[in-house]
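Protein chains in written order, with numbering that gives the first Met the number 0: chain C, 0 to 100; chain V, 0 to 489; chain L, 0 to 505; chain G, 0 to 731.
Just so you know, these hints were derived from the structure itself, not from any lab. One should not assume that every hint holds.
As the list claims (entries may be wrong) - In the DSS-like style, the derived pairs of lysine-lysine whose C-alpha atoms are separated by at most 30 Å in a straight line are:
| # | chain 1 | residue 1 | chain 2 | residue 2 |
| --- | --- | --- | --- | --- |
| 1 | G | K119 | L | K375 |
| 2 | V | K369 | L | K108 |
| 3 | G | K166 | G | K27 |
| 4 | L | K386 | V | K369 |
| 5 | G | K169 | L | K386 |
| 6 | V | K369 | L | K23 |
Values in this document were obtained by computation on a predicted structure and should not be read as measured data.
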Amino acid sequence: MITLTSYLFISLVLFLVGVMVMLARKNIVAILLGIELILNAAALNFVAYSRFVTNNLDGHIFALFIILVAAAEAAVGLAIVIRFFQIKETIHIDEATQLRN
Amino acid sequence: MLEQLLISASFYIPELLSILLMCFLLMAEASHSMENEHGSRDKIYGLGIIGLLVILGACIFNFTKAPTAVFYNAVIIDPFSTLVKIIMVLGTLGSVYLSRSSKDIYTNLKSEFMIMSVGVLIGGMLLASANNMLTLYLGIETLSILSYVMTSLKRDDATSAEAGIKYALYGGLTAGVMLFGMSHIYGQLGTIQFAEMVTKLSALEGQSFVVLMISFLMFFTGIGYKISCFPFHMWSPDVYQGAPIPVTSFFSIVPKMAGIAVLIRVSMIFFGTGSAIAVTWIGLLHVIAAMTMTVGNVTAIGQSSVKRLLAFSSIGHVGVMMLGVVVLNEVGVQAILFYGIVYMFMTLAAFYITSHLSDMYGTDTQDVFKGLIYKHPLMAIVMVGVLFSLAGVPPFSGFVAKFNIFSVIIEKKYYGLAIIAALNSVISLYYYMRLAKTIIFGEADSEEKVPGFTGLNQTIIFVMFVPVLVLGVFWESIMNISGYAKIFIR
Amino acid sequence: MNGLLNWILWLPIIGMVGVLLTPKAKENAARYVTLATTFITFVLTLILWCKFDNTATTMQFAVKFPWIESFNINYSIGVDGLTLPMTILNGLLFFLCTLSSWTVEKSVKSYFALILMLQASVFGVFFSLDFFLFYVFWEVMLIPMFFLIGIWGGENREYAAIKFFLYTFFGSIFMLVGIIALYYATGKGVDSFNILAHQGGKFVAEQVVIFGHSFSFEHLFFWFMFLGFAIKVPIFPFHTWLPHAHVQAPTAVSVILAGVLLKMGTYGFLRILYPIFPQAANDYSTIVAVLGLISVIYGAFCAMAQDDVKKLVAYSSVSHMGFVMLGIASMSTQGMTGAVLQMFNHGTSTAMMFLLIGILYERSHHRWIVRPDGSKGFGGLSTQLPKYTTVFIIGMFASMGLPGLSGFISEALIFLGMYNRFTTITVIAVVGLLIGAAYLLWMFKRMFFGEVNPDCKEYEDMNAREVFYMVPLCIIVIVFGIFPSPLLNMMKVSVGQLVDLLAKFA
Amino acid sequence: MEYTFSNIAPIVLSPIIAFVINAFFGRKLPRQGDWLATLSIFVSFIFSLRIFLDFTGTFATDFYIHKFFTWFDLSSGTQVFKVDMGIYLDNMAAIMLLMVSGVATLIHLFSTWYMDGDEKQGRFFVFLPLFTSAMLALVLSDNLLSLFIFWEIMGFCSYSLIGIYVKKEKAGDASLKAFMTTRVGDVFLLLGIVAIWMVIGSVSYVDIYAAIATGKFDGLTVLGMSFATFTAGCIFLGAMGKSAQFPLHVWLPDAMMGPTPGSALIHAATMVTAGVYVSLRMYPLMVLGDITWFIAVIGAITAFGAATVAMVQTDIKAVLAYSTLSQLGYMMIGVGVGSYNAAFMHVITHAFFKACLFLSAGSVIHSVHEQEMPKLGGLRKYLPYTHFAMMCCTLAIAGIPFFSGFVSKDRILGDALYYGFMSGQNPLLAIVPILGFAGAGLTAFYMFRMMFLTFYGKYNGNDHHDDHGHGHDSHGHDDHHGEPHHEHLDARSNVPLLLLSVFTIGLWFSGSLTGQGIVNVFGGKTEWFKILVEAPKVEKFVDHSKEPLASTDTRIKSELPHAHYHHQSGYFGPNPDEHKLHKAHTIGAIASIIIAFLGVFIAFLMYIKHAITPLAARFPGLTRTLQNKYYFDNLYIDVFIKKGLLNLNKFLSWFDSGLYDRYAIDGWAAVNRVCFKSAKWFDNVVVDAVGVDGTGVAVNLFNLVLRIVQSGKIQFYFMVLIVVLASYIWTI
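From just these sequences and the hints, can you work out the full model?
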């Protein structure tokens with residue numbers, strides 16, 4: 000029987016994995032993917048809560064919006080990454096350290 | 000149903016207008032002819048500025064209206080949000096005009112700047128009057144996503160692109176964290192409407208507080224990142240430095256004001272009533288505000304790049320404004336709004352002068368200010384005045400703003416915070432005066448005039464400086480206006 | 000009648016606008032406009048003195064109308080016995096300084112505009128009866144000083160200017176916290192920013208909590224405001240901005256700095272700190288007295304070691320302001336009167352010294368008593384410059400307090416006031432008089448006696464203009480040394496009120 | 000008779016008017032206005048004479064006070080604080096006024112000759128009248144404050160007169176030394192005045208006397224000593240400074256850097272006597288404070304020490320300067336041992352003969368342009384008047400009978416003898432009479448040494464006509480001996496000398512004007528001086544002081560002193576045994592006569608007959624010590640000032656600017672900058688050196704932890720964010 004707890008557990012795992020990806024991976028695209036993971040974790044939470052706890056549609060709508068925004072964000076992010084690649088010919092995150100004290 | 004929407008729309012004119020304006024600008028951009036770039040860009044600018052002025056008018060018209068919640072409580076229109084919107088529109092106007100003359104943005108991209116600034120403005124407006132978590136999230140994202148693009152508007156410039164990437168990634172992370180927190184809040188309280196959440200909150204008790212507190216922290220992460228307060232400030236210096244100067248000035252006004260607005264609203268709604276978790280929250284705000292001021296000012300001391308210096312100083316100013324949030328009452332809001340208005344004028348003037356200078360020299364180190372007093376005495380005096388005002392020296396309005404903030408925290412008897420703020424203003428005076436010193440006492444390497452300072456530009460800069468000076472002496476009217484701009488909770 | 004004070008306060012601003020409007024080509028225009036403005040202002044202050052009623056116990060010529068009504072901030076000004084001497088001094092010194100800075104060549108217009116702005120702000124500080132107004136003028140005064148030192152100063156001017164600005168700002172920002180605290184302690188009422196309404200120990204019972212520790216409101220904010228004023232005076236641990244500022248500043252500015260700006264600090268003690276916190280004033284009087292004593296002795300010793308004559312005089316004013324602090328700390332009629340009188344007398348005598356040093360500097364372009372290489376900077380000046388020497392002797396003996404010249408009465412009164420409260424400190428403080436005579440006479444001996452230095456041979460004596468602006472000071476120094484009663488009667492009533500007020504809390 | 004402002008003020012004002020006129024228009028006046036100065040002093044002499052006759056006419060010891068005006072008034076509400084200026088006249092003041100104005104007139108007259116054509120003539124005649132008027136006002140003043148004011152003005156005048164030849168570095172040093180040394184005493188005098196004022200409530204003499212009588216001084220302690228001792232000590236310190244008593248004596252010998260008439264005025268009439276005058280005025284306080292023994296000892300040391308130093312001086316003015324020191328010592332002995340009127344009489348007698356001596360020395364110097372005694376000699380026939388006057392004065396100062404000096408000094412010595420041996424005091428105080436008598440002998444010796452070296456024997460100076468070329472030193476060969484070039488002395492120089500020498504006759508002072516019998520040289524009881532001048536009997540003032548200074552014209556009669564005339568006793572212990580006292584006087588008189596003649600005889604043998612080798616040859620070590628004035632100057636200048644004070648100043652100013660200011664004040668800015676720089680350094684060097692390759696979270700974490708704020712690495716920003724959040728969460 001699948002309960003709310005399992006959903007929450009899955010989403011928590013997703014969240015942590017996303018964070019770790021963002022911390023550890025050097026590939027910018029991978030880091031963008033990490034963001035997606037985190038967003039999905041949040042979306043999953045919303046849906047699960049609206050299914051099990053609050054019997055209203057707010058959660059679902061929220062999830063939809065999240066997906067939508069995530070798409071836009073990913074698009075913009077990738078565009079910038081491409082620009083960065085055009086200039087630097089790399090997408091290694093540690094190349095992006097020109098701006099500092 | 001329909002007339003419900005229409006009624007709501009009647010309150011929602013400024014936002015609708017700006018959306019309309021954005022669409023027009025997009026079409027104009029699409030239809031602009033390759034052979035006559037210049038003219039078409041002028042068209043776009045003209046259209047944009049006129050539109051912004053109209054929006055401004057609509058906001059002012061809205062200001063006196065009775066506060067209402069529209070679109071099924073999703074959005075709330077009250078004098079507070081409207082005043083914030085006015086500030087944001089003014090800021091947008093200022094940076095748009097600056098972008099026109101600035102060499103920092105590649106000519107082909109100027110119209111993009113125009114369009115996207117309006118987009119960011121829409122996001123800010125949405126944020127300023129958000130009444131539930133969804134609108135808040137949408138506002139932040141609208142604000143952010145377009146900001147990423149604006150940051151990397153410099154073509155073929157590594158730093159700009161890098162700044163864009165950092166901004167995007169950092170924004171993404173914080174947005175994600177915020178959403179995660181929101182989701183748990185939704186789970187605990189069962190609604191996304193602020194007003195209902197408050198009632199639930201007061202009814203709630205037991206161990207779910209822990210979860211709720213954590214969730215609120217995550218929630219705050221998103222806002223804190225927008226206003227770039229400690230510890231979420233670290234993206235801003237890099238982004239400010241990487242972005243073109245008009246964008247920087249734009250960022251240091253519009254998103255910050257929106258973020259501050261939403262922070263005030265959320266804090267007032269959730270914790271103004273003195274609910275169970277309010278105490279912890281206020282303690283947290285104490286620490287954050289103090290740290291933000293201190294980190295911003297202390298780090299600013301070492302900066303050679305003026306853009307970066309202004310970025311850090313803006314962090315310091317956000318810290319000061321947060322003092323007004325800490326007290327969680329209407330006078331605090333009043334003080335913050337006054338501060339916002341004054342800060343907008345000061346920042347614009349400072350960025351205008353910096354931009355024209357760095358256009359001439361191609362860099363924005365403090366040395367470009369050397370001997371300004373001999374080349375352009377008026378500009379030098381304005382800049383020095385603005386710097387003094389930023390530091391909070393009478394008779395400039397910056398002092399009055401600081402005075403109000405001080406008075407609200409001292410009214411609450413937060414003397415510790417007051418002392419920290421006092422020390423901070425001394426530190427800030429120190430680095431502002433090192434810049435002022437360069438302006439006045441530094442010997443110019445060359446006698447050639449700064450091309451940017453045409454008569455018109457100087458006039459505009461001076462016009463921006465006038466309120467900085469006048470509001471320092473006759474500030475009651477503005478205080479009353481910002482006092483009138485109360486927060487409406489529904 | 001009541002408009003008189005407004006005129007005195009705002010005439011310099013009008014003059015400033017006039018100076019800014021003068022054509023750039025004609026520099027003399029700016030000079031003459033400034034001269035006219037300062038002269039009329041001076042005459043107005045004299046008229047003020049004539050109309051002043053020595054026996055009145057309230058503020059005179061008071062003007063008051065609301066400025067920021069929602070905060071109960073008023074534009075309210077007035078004068079009483081404590082203010083009037085400073086007012087006259089201010090009017091006089093700026094007039095003389097305008098004459099003395101006739102030779103300024105570097106961007107004349109802005110120089111004189113700033114001088115006039117400075118005068119207005121100083122007047123404002125002395126006239127203000129509203130805390131907000133007071134603070135605004137107090138801070139505004141920094142801006143022209145910053146530029147005057149920083150642009151027209153000596154070789155190390157930028158450091159001095161920034162140091163002066165930061166130091167004072169540091170003190171005054173704490174004062175601001177205190178002012179706002181007072182505003183709320185009186186419940187934001189109609190008089191919450193009214194300086195006079197706060198007086199009389201209204202806050203003895205109040206308590207405040209900082210970081211969980213509870214303090215007495217009165218004692219805490221006594222120190223907050225003390226910081227603001229003590230830095231301005233300056234008292235011993237806060238004095239280090241003074242030598243830099245004085246040495247780097249142009250002549251006129253050091254005259255004004257020593258003549259009136261330092262007095263703003265002690266004026267703050269008399270008008271604000273002590274009347275508002277009388278309990279704390281009584282409790283801490285010993286600390287203040289000891290600090291004053293240290294300033295006297297320490298300043299005098301430091302002065303003795305200086306090779307730069309201007310620095311010597313700068314340290315000497317640390318020492319003399321220490322006497323003022325001693326008089327204030329004594330809280331007796333004689334001591335307080337002596338303090339106010341000393342504020343006036345030190346204003347005139349130190350002004351003389353700085354003006355004279357400026358005159359000499361215009362001829363020699365250095366200020367070394369003993370050059371770093373050990374050779375004499377000057378020598379035999381009294382043979383070379385007889386007129387100059389005469390005036391110098393008068394100024395020197397006045398500032399060392401020779402009877403018959405103005406300095407003596409104030410110092411004697413201060414000692415009289417101190418004796419009963421701090422006998423031991425009095426006994427030590429007389430040593431200050433001794434050293435005070437020592438460094439001045441030693442400096443005089445090294446500069447004026449002996450054969451004329453070869454490089455002093457071509458100095459010419461004071462010209463008519465210089466004589467013209469030195470003579471009034473000489474006359475004042477001598478006349479008020481012989482007949483002090485006009486000044487004393489002026490301040491008698493106000494000082495008496497203050498002393499009685501403080502005596503209630505002893 | 001009435002004393003009003005109109006007939007008192009001219010005494011002080013006429014010289015001041017002369018001062019003002021000379022100060023402003025001196026250069027334009029003929030002869031730089033010296034005649035004006037002289038005239039003005041003469042005017043005050045006339046008015047003083049009037050007062051003198053009025054007071055001495057009636058043989059009463061009464062006093063007269065008159066309040067002229069309130070200087071300033073701080074009385075507010077309850078407490079009264081006002082300063083009244085007035086005059087206090089009694090016999091002592093009257094005599095003093097006459098002496099000061101008379102001597103000063105003669106000195107002015109002499110100066111008109113001496114300073115004629117001098118480059119500083121104008122300036123000299125600016126300060127001379129001011130000096131005199133200050134002294135006169137000091138004598139007239141009725142309270143300690145006004146006394147202090149004129150006291151200081153005199154200090155200023157002496158500063159200007161001593162340093163009048165500004166081109167001489169030594170003049171500068173001397174004037175600085177004079178002012179500073181006296182200033183040491185002055186500040187303590189001021190302290191004493193302040194203390195008395197704040198405790199007694201007034202500083203007028205009558206109130207102080209009354210306070211002493213009514214015991215207001217008793218029972219108070221200051222700094223561990225009784226209040227009376229404290230105030231008396233402070234006032235006496237002031238007197239020590241002005242009258243150049245032992246530790247503060249160093250300024251007086253150097254004071255001869257000024258023109259000789261100026262020295263005459265300082266040494267004889269005005270400045271140095273002020274110290275004795277104030278200690279006489281405050282005599283009851285000195286007694287109450289029980290410091291008379293101290294005064295006596297200080298006086299004795301000064302009297303003897305100065306005399307020893309004077310023996311070896313070769314500069315004629317130096318000899319006179321040290322003789323002044325020594326005589327002042329005798330006056331202080333007189334104050335100390337309680338022979339009040341003898342001390343005062345010595346002030347007067349000394350004023351006359353010392354003025355005369357200095358003027359004579361001046362005429363010698365001015366005419367021969369030489370003041371080193373070895374280069375003088377045999378001037379008797381060239382300067383007969385000068386020789387005559389100087390000889391009279393020398394006899395007087397040496398204490399030869401029938402001369403004024405004897406009358407006063409002998410009585411002081413007699414009282415000292417009683418005080419030291421018979422009055423049952425501490426036996427150690429026997430040192431006072433011993434030193435006193437020894438000093439008297441030495442005085443006779445060195446004064447006659449001076450006379451012999453100057454006026455007798457052969458002229459050893461250089462003839463000014465061939466004073467060029469082949470450098471012949473001072474005691475050259477015979478062909479250089481002979482006619483000294485000297486100016487003709489006219490009346491302006493001779494008349495003052497002769498007039499002054501007239502007053503060296505003892506009769507003037509010891510005589511009895513009541514017409515009873517002939518002169519009693521051996522200290523009889525009926526001399527006018529003794530009758531007129533007596534120590535203030537404080538009880539007299541009590542009833543008067545009920546309204547301090549209120550009464551504008553008070554003249555308190557006391558019955559003629561013959562009725563119960565006492566030696567000024569009651570101040571040390573019970574009334575002295577008249578018999579013993581008389582015995583002491585007789586012994587003292589005889590002894591002093593013997594000693595004086597002994598001194599003269601030795602001098603005669605040494606310098607006329609050359610029978611005895613002079614001291615210098617005999618005790619070279621001792622002589623060197625004496626010539627260096629016991630090394631006091633070296634002690635003060637080299638040790639205290641140069642080694643001590645100046646180094647202290649240097650240290651303090653270094654501490655102020657170099658240490659305190661640099662680190663404590665500018666420190667915080669530096670700290671900020673350093674923090675910032677080090678962070679940058681850490682980031683650039685450490686972090687990038689360690690390097691970052693993205694293998695494994697652990698390594699990353701390790702490096703990320705190392706990174707400093709604003710390293711520019713976005714992932715570190717994430718890290719901080721997460722860490723901070725986690726820590727927040729942890730706290731909850």
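Okay, the hints, checked on the actual structure:
Proposed proximity of K119/G and K375/L is supported: the alpha carbons are some 25 Å apart, at most 30 Å. Of the pairs offered as hints, the one joining K369/V and K108/L holds, with about 21 Å between alpha carbons and a cut-off of 30 Å not exceeded. Between K166/G and K27/G, the direct Cα distance comes to roughly 23 Å. Compliance with the 30 Å bound is thereby established for this hinted pair. With a CA separation close to 45 Å, the supplied pair K386/L and K369/V exceeds the 30 Å bound.
For the hint linking K169/G to K386/L, the alpha-carbon distance of about 23 Å falls within 30 Å, and the restraint holds. Distance check on the hinted pair: K369/V and K23/L sit about 23 Å apart at the alpha-carbon level, within 30 Å; holds.
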